[in-house]
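Student: Listed below, chain by chain, are the residues.
2 protein chains.
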Amino acid sequence: MATTVNPDLRKERENASFVPEKITNFLYGGPERVQKKRELASLALNDPDYHHEDLNFMSREQQYETCLKKSLLMTTKIKQLKIDAVDEHFYRSAVTGPSPDPLGLHVGMFLPTLYGQATQEQKEKWLNLAENYVIIGTYAQTEMGHGTFLRGLETTATFDPKTQEFILNTPTLTASKWWPGGLGKTSNYCVLMAQLYIQGKSYGPHPFMVQIRSLQDHKPLPGVTVGDIGPKFGYDVIDNGFLALRNVRIPRENMLMKHSKVAPDGTYVKPPSSKLAYGTMVFVRATIVNDSAMALSIATTIAIRYSCVRRQSEMKPGHPEPQVLDYVTQQYKLFPYLAAAYAFWLTGQTMMSVYMTSSSRISKGDISVLPELHALSAGLKALSSWVANVGMEECRLACGGHGYSHASGLPRLYANLTPGATYEGENTVMMLQTARYLMKSYNQSLQGEKLAGSVAYLSGVQPVPAAGRTRNMLDLGALCDAFRHRAARLVHEAAMQLRNERQAGKDQPDAWNAASVDLVKAAMAHSQYFVVKNFAERLTDSRLDSSISAVLTRLCQLHALHGLVTNSGDFLEDGYLTGSDIRQARRHINALMAKLRPDAVALVDAFDFPDGILNSILGRYDGNVYQHLLEWAKASPLNKNDLAARGSNYEGLMKRHKIHTKNLESVTEALRSHGVEVKVIQKHEYTPEKVNWADVIMSAGGDGTFLMAASHILT
Amino acid sequence: MATTVNPDLRKERENASFVPEKITNFLYGGPERVQKKRELASLALNDPDYHHEDLNFMSREQQYETCLKKSLLMTTKIKQLKIDAVDEHFYRSAVTGPSPDPLGLHVGMFLPTLYGQATQEQKEKWLNLAENYVIIGTYAQTEMGHGTFLRGLETTATFDPKTQEFILNTPTLTASKWWPGGLGKTSNYCVLMAQLYIQGKSYGPHPFMVQIRSLQDHKPLPGVTVGDIGPKFGYDVIDNGFLALRNVRIPRENMLMKHSKVAPDGTYVKPPSSKLAYGTMVFVRATIVNDSAMALSIATTIAIRYSCVRRQSEMKPGHPEPQVLDYVTQQYKLFPYLAAAYAFWLTGQTMMSVYMTSSSRISKGDISVLPELHALSAGLKALSSWVANVGMEECRLACGGHGYSHASGLPRLYANLTPGATYEGENTVMMLQTARYLMKSYNQSLQGEKLAGSVAYLSGVQPVPAAGRTRNMLDLGALCDAFRHRAARLVHEAAMQLRNERQAGKDQPDAWNAASVDLVKAAMAHSQYFVVKNFAERLTDSRLDSSISAVLTRLCQLHALHGLVTNSGDFLEDGYLTGSDIRQARRHINALMAKLRPDAVALVDAFDFPDGILNSILGRYDGNVYQHLLEWAKASPLNKNDLAARGSNYEGLMKRHKIHTKNLESVTEALRSHGVEVKVIQKHEYTPEKVNWADVIMSAGGDGTFLMAASHILT
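Chains as they are written, first to last, in UniProt numbering: chain A, 1 to 715; chain B, 1 to 715.
Calculated from the structure, these hints are not laboratory results.
Among these hints, one or two may not hold up.
[To be verified] Covered by chain B, according to a simulated footprint, are these stretches of chain A (three or more residues, beta-carbon under 8 angstroms):
1) 107-114
2) 323-332
3) 416-430
The C-beta atom is built at its ideal place from N, Cα and C for all residues, glycine as well.
Pulled out of the complex, with its shape left as it was, chain A reads as follows (with noise of 0.2 angstroms):
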């Protein structure tokens, strides 16, 4: 095995035009996070107590057996090594991979759950045992029938005040429970969402503690029907369930009564603020928006040295084939989204640290911030999943068949990673969430109310530019301008359409859906503005050193250009931009993917993934795919024997063989003449179609393999 760098690679990596580990730093937040991320990747990746399984080669039960051991071991690990809560994600990432974790409800979503919406008293009751693992947990909200919309969940939780209990149920098929991770197979415990019930009113969704399984044998409890929903495109190693209850009793006291309370006697409490629980969701989708710029990373990291690796066909006859990633279409693959995955990383950077600078604000009551970050941060969460949902399959078509094996990595990733588009709100919906704010405030602005924020530019459209005017299409400020126009535009647009259906005499519901196309429209181009407008601002950063503000300039251009480009008519249509501004800016990409080639393997380094985490051979850091390649492939259990079939299922089949009469003769000479022996027993008539047919005994190897010759069967 080859353990120096594939010469093109390392040639790459000399040619460079600044030193990778710059970018990293101004990833990560400074070398000394760099140096942490490292060090604890390295922990992981090299603990002998982590076997590392291929799990490609894994049937689904033990892929699930695998992960959930070492999802198990990595747990007492962290608590082992000490490691830091602002760490801990650097060392499960590289233990994981962009794999998921089958503890990860009960570490990403039961634990805070409990800390956010649990007493005092019940966090003393619950924690320690969750903490612990004694109780392992799940959210279980979701249900056959219903997802996005909440206030259709069909769960009830009726209120007994004689024994001071609720009553679960699960009233009809489609609201069974379905979705929930680690559900199926692996949690005793789960937060329930129901419909509280008191006295036959029914007052909305509301958080439930409840043992579904025996602490003593993991069976589950009676009343509670609970499995696994079946095998998906991905998450294999996930025991997403399902879950029916019958009758359920659990005491008063297993409602999460931090917001909402019910007294002993009926009467029901209601949270200070309906908005509360919105923090939470900016704060997921804000990690979206981080897994987004994962998914492209990992996908243009592979996919880049790949094809610095691969060469291909004959530029120019009589020339060696050129690596693949000098032909320009394929650039034109690549390097939008290598450029999204840093517009995503970096957006991604702001909402966290927006969502901190307001949890503050938040937590002392002000939640006028709200509305605004809700609705960013659904337009941002839609936006970034749906790009590197496209971006990962461009990538993996980008590695020709090669990328179609499992041994890129790709097929894995995108499979996983998919699920971003659906999950925490769908992304259609959530961009309607964003449009109703933007009808909102553009509203707002028509009666005169001045915006702030985001969506402060909404308050006056730009003037169409003169004709004639030049403008130069690789200015920061030029294409933020654009992008900002077309945004003002378009919400402009979806308002006017919005207004134009009510005139035609539709209602307010009827208006918004027949005008939905547009909303997503403007909300998506409301979403794009922030990105690139985000990108443009942090190339202001003072740290930035020349070297690498050059280059990171350029896939911001690059970033901006393609996505006017492929939304051409979004900008010629009222004559912002002009037929001869998109030529230019399309010539202008042509020279910034040009001078960005000899950079694109340092830009992916950068990102700074260890192999481990790539799982990809197409991607290795050192260049030596197709030694691997093969390693790999012998590896595959299909190889454990040399023969097509064998065992019990094809003895039966092996010994005796019926031929088709016209055939008879010349088929049994020409196996006669390849060394088999062929004996006929008898010829006889097949009934139902009156075919003449023989039964024929054929040699087959002597330990009962399955003779793949002898395949013309009848039973």
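Based on the hints, put chain B in the right spot on chain A.
Tutor: Just chain B now, kept in the frame of chain A:
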């Protein structure tokens, strides 16, 4: 289990404006063909000899064995039932569904290669054996390091005049054959593409018939290394393989010599035309266009039926949750792909019929039609498979969470059909081949030559209409004109770009590369124009009755208008269309979708896929989605026991646990309160990090089950 049809779906069918059967007849070429298709599908789907197992619950090895057995059985049944060659695909597609067939390469490539490239003597020697599955073969062309670029193949076949043999070698790692279906385990023969060498001179790639495994015990022959290349995104049932040859000798007569020949003295005889192989390529690409149509028609059938069963959110306060298909955003996701399914279905038919017409001319030696046919088929293959890729995923995501489950059938459909963008010529390479023909034709036209066929329109770019001219954007003639103008303009622009690059000093290959993004764009526009025009032309079929001609016209309009607004910049850039045209187009799309809404289910019913082919719980004809989701989930192998994890792997872990001494008291107390026996054995210091731990024994179920609560495990 409900046997009646879901009432929502029933209502949809009652309200349709036409009888689906009429469109079914149109799509399959008349009622007789439909009748035949249904007979054969029913024969396959109701035959108890096929078990029609759910592959989703199997390991890859099980899937391969199951489907290989099924495929062998199918082969026998086709003979038994005397199914006509013309009808065979009806039967095959009912048995395998949209899944690949482990013997697919034998039937689809190995046998046709023998038919087309073997001499009469060679046919006599091998055909009988191959047709009777004594020989099972594959087509081994692609190598680990070489795909679409055929001339880059490294495998060698060196003629040895002394022994009258070819010596076959895999000179490097990257020369290993890689990817051929059926090579990994199933085949005992293959057609090997290898560089022919005679007396040190290379003559390019040629086909050779090579035995790779013993017919007696199926073991690889001496000098042959062969195996499975490992798991992939999809194609689980296929043993795509690798093959390396070391001094393997085959008789001179094993080169397939119908076209090129090597005489006993080593004299090489050239084939009459190097373009002859193009015919097969055209055929194969036409089948990929058909596959793309099938992919989209299956995906839209599933998503549209499910969108009528699924209810979600509250459009109007107090009203019931609407069917998801009533959301205009959902229509905007699905209807354009429904229209594309029809568009490509008709494109594939036209391509096949052009191919058939041309074949007879080609077989008579007239190959003048081949370059155009080749260029057209390359572009249409690429366009249709790209659109199908995006469309299948759009349909999956439109099914929300349940689309992600294998119960939907959509993940498997996507994983099995996405390779269409890569195999038989990588799509970007295909588009550039089309572009090469377009540039050649454009230059001929500049030199005054008259162009014919699909490129005739390049002879003159239409003038941009005067401002102020109003256009009826629903008129199919006007829409075809717009697509023609766009294609002609983009071909012209790409040619200008090429000329500019040349004038700036680049040599031809570099100029081609620099202009390649524009060239792909031009080829795409050309292909889209063909599809739109072909759709419009098919509507002039006099056999169409008015009810179906009305609905098909709406689909055609939607297809064209959607292509227009998603590429609006291309039409706006030179002022051919105006902003107001585009706005008009958007309004028309909304109106068309509203008109298509009541016909949507009938339009997918018309594709006439039985449930056994759809393999989707969401897409069931009877719409009883939720009941069957639960049934299906219960059959998941993870539900075989109630326990999170059990078996010998865990036994060692169950008994003894370590608990952090800090938590010892509260954890043990809590466990006891839950009825778990706990005994503390020993407290001790864990050295590396000085953490204090206690060894604890906990009770587990008496049958050796793993107690999930006991998760603080060290090993």
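Student: Using a Cβ cutoff of 8 angstroms, are there at least 3 residues of the region 323-332 of chain A near chain B, or does the coverage claim fail?
Tutor: The restraint on the region 323-332 of chain A holds, since 6 of its residues have a Cβ under 8 angstroms from chain B and three suffice.
Student: Taking a Cβ-to-Cβ distance below 8 angstroms as contact, does the region 107-114 of chain A have at least three residues touching chain B?
Tutor: violated (count 0)
Student: Examine the region 416-430 of chain A: at least three residues should have C-beta closer than 8 angstroms to a C-beta of chain B.
Tutor: It holds, with 9 qualifying residues against the three required.
The structure shown violates just one earlier hint, number 1.
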